[in-house]
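Engineer: Each chain, letter by letter, is given below.
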Amino acid sequence: MGNMQVEHATEHAHPQLGFWRKYVFSTDHKIIGIQYMITAMTMAVVGGLLSMFMRLQLAWPGHAWPALGKIFPVAFAGNIMDPAFYVSLVTMHGTIMVFFLFTAVLTGAFGNFLIPLQIGARDMAFPFLNALSYWVFLLSCIVIISALFVAGGAPLGGWTAYAPLSALGEASGPGEGAGMTLWITALGLFTVSGLMGGLNYVTTILTMRTKGMSMMRLPLTQWSLLITAVLGLLAFPVLLAAAILLTFDRVGGTSFFIPSGIIMNNRLLGNSGGHPLLWQHLFWFFGHPEVYIVILPAMGMASDILSTFCRKPIFSYKMMVYSMVSIAGLSFIVWGHHMFVSGMSPFLGSVFTMTTLVIAVPSAVKTFNWLGTIWGARIRFTTASLFAIGFISVFVSGGLSGIFLGSSAADIYLQDTYFVVAHFHLVMAIAPLFAAFGGIYFWFPKMFGRFMNETLGKLHFWGSLIGVYAVFFPMHILGITGHMRRIYDPLFYDFLKPDKGMNIFVSVSAFCLATVQLVFLANFFVSIFAGRRVKENNPWQATTLEWETPCPTGHGNFGDELPVVHRWAFDYSVPGAKNDFVPQTVPPGAEKV
Amino acid sequence: MPVLTEDRVSDGIGAPPPLTPPSGDGRGEPDSSFPVSSKQIATWLLMTGIAMLFAGLTSAYIVLRGVPTWDKIPLPPQVWVNTLLLLASSLTLELARRSVRADKVVALRQWLGITAVLGIAFVSGQIVLWREMTASGVLLTSTLHSSFFYVLSGIHAVHILGGLIALVLVSVKAWSGRLSSISFEPLRLCATYWHFMGGVWLYLILLLVFG
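So the protein sequences, as listed, match chains P and Y. Heads up, the first sequence is in the numbering used here, so the first residue is 1 and it goes up one at a time. Heads up, the second sequence is in the numbering used here, so the first residue is 1001 and it goes up one at a time.
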C-alpha cells in the first residue's frame, strides 16, 4: 500500500469538510453525480413546461388565455399565443430535453455516480476535471435558459438549427439574433463539458478497475457508459466544428452555410457559395450518435436492474456487449436517414436505408436478451423493475416505427409528420426516461441512505406508462393523416380539421402525464429527508460492488481496502449457493458456505 | 538510486518519487492490469477529439471545394517560415526529452526554453501572416478558401496556445527539479501533444495548398 492509501485513511478519519466544500464545490464523484441529477431535473421541469404550452396551443389554437396574457405579456400578446413564441418553444423543448436532460442525467448523473462505485475505485481518474465539467455544464444550462428572456426571445430553428435560417441573424426572425447566439454558446459550453466528462469516464473505466475486475466482469451499465463516452468523444467535436463555422457565418460575414442569392427584407445579401446542406450533414453526423449517447446508458442500466429483480443472470452477457459496440459503430454511418427529402441521390438514400435497417439487428438482439432474462423469472415487482420492464415496452414500440422511417420510400411520405414525433419520443425520450426513473428508484438508497416511497413509485409508473402511450400512440395516426410537426395552427389546414379531437385527447393526456411527474418530484425530494431509512448495505440483494458500501456511501467509497473481484456481475440463483445472489467479491466456492 | 536533479539534492525538497507508482489506493495506477497510465490515455483521447474536430472541418472543406466561388488564394512565404519554426520546436522538444532521459538537467532546461521561444515565435509568425494577408486585401470574407484559411489556422493557433500553457507548466516542473529520468511523464505527454499539433499543422498546410 502506497502513500495515497495513508492519505485516504486520513481523509476517512477527518471528513469534516465545510458545507460548501462537501456539497457545492466538491470533487467527490457522488456529489457531482447528484449535482448533475438535480440540475438535469430542474431543466426537465423547464423543458416539460414548454411542451405543455405547445400542447395547449395544438389542442385549442387561437383560444384566448387571459390569465397567461397577464403573466407573459409578450408571448401571449392579446391573450393569444404568439406564433414566433410557439416555434421558439419547439426549439427550446427539444434542445433542453436532448442535451440538458437526457445526456446530462444518463451520462452526467449516473455516469459520475456509478463509475467509480461499480468498478471499485475511490473516485474518477481526474476529480478536478470532473468538477469542472459539472460547473461548465451548469453555466451552459444558465446560458440556454437565458435565451428565453433576451430581446427577440429564444431561437426559432428547432433543436437542429438548420442553416441558412440559423446563419442569418436577427433578420431571419426575432429569436435568431441574441437567442440563437446564446443557443450556440450554450451548445459550445455543453460540448466542452461533455468532452471533459467523456475523457474522464473512458480513462477511469480503463485504468482504475479494482483487482479482478476484468473488462468482461464489468456490469453492463459500465460497458454502456464506456461506449457512450467514446461515442461522445468522436461525435461532439464534429458538432463543435459545425458550431464554429456557423458562428463565423453569423458574426464574421463568411458564407460556409449561406448560399448565393438570398434576399432578406428586400435586400440581396452579399454572401455566396455556401451550402445549407453542409450544416445538415455535419449536424446529423453528430446528431445520430447523439441519440445513442442517450439510449446506450439506458440500455445498460435497464439490463442490470432487470437482472437484479428477475434474480437471473442477464441473458447472453457477451452478446449484450457486442451488440452495444456494433450499435455504436453503425451509428456513425446512418446520419443520412434524417435527410432523405433533402434532395440527396436516391442511390445514396438506399445506402443509408440499408445501414439504418442493419441497426435493427443488434437492437433486436438486445431485446431478445432482455426477454430471455425475464423469461421464467420470479420477478420482484419493485418500482425500479417496473420501469426497467416499461423501458423495454416503449423501446420496442418506438423502435418498430423506426423501421418504417428508416426506409426512404416510406419516409418520404412520413418525413416531418407527427409519425416521426411519436417515433423519436418513444424510442429516444421516453425509453431513456424510463430507464433513468428505474435507475433513480434503484440507486436512491445508495445516494441518500433512504428509500423512495414504493406506493407513490408504482402510482408514478402506471400513470407514466398509460400516459405516454395515450400521448404518443395517437400521434402515429396523426402523422399518417399528414399532420405536420412544428406547425402553429393545425386548424389552418382543411385536411387537418378532422384531427382536432385527437389533438385534444393528446393534450389532455399530456397534462395528466405531467401531473403524474409531480408525484415523482414530490416523492424524490420528500424522500431525501423523510424516506424510510436503509438499514443495510445491499437492500435489493444485488451483486455489484456499489452494494458493498454503506447507504449513503461515504467519501472514498470503500474502507481502507479496495474490494477484490472474483466473478462477473450476474451471479443470481447460482445452483448450490446459499443465497440467490453472489456478490462479485465472494471468492469461488465461498458462495456455498 | 539515480541522482534526480541538482535542486533536489542541494535543497532537499523532499524524498525522490518512488520507483514504482503507489498501488492499491484507487488513484494513479492501482493494481490495474491496464498497461497505460491515466494521463497517457487522457492525452490520446484529447488528441482523438481534436482529430475529429479537424476531420469535421475537413469534410466541410471538401464539400465546399466544388462550388464556383471557391477562389483559391495563394499563401505568402511567411507560411513556410512559420512551418519551419513549428517543426524546429518539435525537434528541440524531442531533444529536451532525450536530456531528461539522460538526467542532463541543464540541457533539459535549455531545450525546453528554446522550444517555448520557438512556439511563441510560431504564434507571433501566424499573427504576422494574418496581418500580411489582410493588408494585401485577402480577408476572412474574401473567398470561401480564404475563410477556411483563417478559420483553420485560427483554431490551430488556439490549440498551440494550449500546448504553450502545458509547456510552461512542464518548464516550471523542470526548474523546480520535479522531472528526472524515472519520472518525466508530464514532459512526455506535452511532447506527444506538441508533435501532434505540429502534424495537424502540416496536414492543414497540405490541405490548404494542394486540397
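Treat the hints as calculated values from the structure; they're not laboratory data. All of these numbers come straight from a predicted model, not from anything done at the bench. Take the hints with a grain of salt, since some may be wrong.
[Said to hold, decoys possible] Only pairs whose alpha carbons sit at most 27 Å apart, straight line, appear in this in silico BS3-like list of lysine-lysine:
no. : chain 1 : residue 1 : chain 2 : residue 2
1   : P       : 578       : P       : 458
2   : P       : 22        : P       : 458
3   : P       : 211       : Y       : 1039
4   : Y       : 1039      : P       : 22
5   : P       : 211       : P       : 70
6   : Y       : 1072      : Y       : 1173
[Claimed, not checked] Simulated restraints, written as ranges between beta carbons of each label pair:
no. : chain 1 : residue 1 : chain 2 : residue 2 : range
7   : P       : 253       : Y       : 1172      : 38 to 44 Å
8   : P       : 252       : Y       : 1080      : 48 to 54 Å
9   : P       : 588       : Y       : 1087      : 52 to 58 Å
10  : P       : 45        : Y       : 1080      : 39 to 45 Å
11  : Y       : 1154      : P       : 326       : 35 to 41 Å
12  : P       : 21        : Y       : 1035      : 53 to 59 Å
13  : P       : 253       : Y       : 1048      : 29 to 35 Å
14  : P       : 42        : Y       : 1117      : 48 to 54 Å
15  : P       : 211       : Y       : 1165      : 52 to 58 Å
16  : Y       : 1076      : P       : 19        : 43 to 49 Å
17  : Y       : 1071      : P       : 60        : 49 to 55 Å
18  : Y       : 1117      : P       : 253       : 57 to 63 Å
19  : Y       : 1080      : P       : 554       : 45 to 51 Å
20  : Y       : 1117      : P       : 449       : 24 to 30 Å
Backbone N, C-alpha and C fix where the C-beta goes; we use that ideal spot for every residue, glycine too.
Engineer: Now look at each hint and say whether the structure bears it out.
Structural biologist: Evaluation of the provided hints:
no. : hint                          : in the structure
1   : 578/P with 458/P              : violated, 31 Å
2   : 22/P with 458/P               : violated, 33 Å
3   : 211/P with 1039/Y             : holds, 20 Å
4   : 1039/Y with 22/P              : holds, 26 Å
5   : 211/P with 70/P               : violated, 63 Å
6   : 1072/Y with 1173/Y            : violated, 45 Å
7   : 253/P with 1172/Y: 38 to 44 Å : holds, 41 Å
8   : 252/P with 1080/Y: 48 to 54 Å : violated, 26 Å
9   : 588/P with 1087/Y: 52 to 58 Å : holds, 57 Å
10  : 45/P with 1080/Y: 39 to 45 Å  : violated, 57 Å
11  : 1154/Y with 326/P: 35 to 41 Å : holds, 38 Å
12  : 21/P with 1035/Y: 53 to 59 Å  : violated, 35 Å
13  : 253/P with 1048/Y: 29 to 35 Å : holds, 32 Å
14  : 42/P with 1117/Y: 48 to 54 Å  : holds, 49 Å
15  : 211/P with 1165/Y: 52 to 58 Å : violated, 37 Å
16  : 1076/Y with 19/P: 43 to 49 Å  : violated, 59 Å
17  : 1071/Y with 60/P: 49 to 55 Å  : holds, 54 Å
18  : 1117/Y with 253/P: 57 to 63 Å : violated, 36 Å
19  : 1080/Y with 554/P: 45 to 51 Å : violated, 60 Å
20  : 1117/Y with 449/P: 24 to 30 Å : violated, 57 Å
The structure fails hints 1, 2, 5, 6, 8, 10, 12, 15, 16, 18, 19, 20 (numbered hints given earlier, in ascending order).
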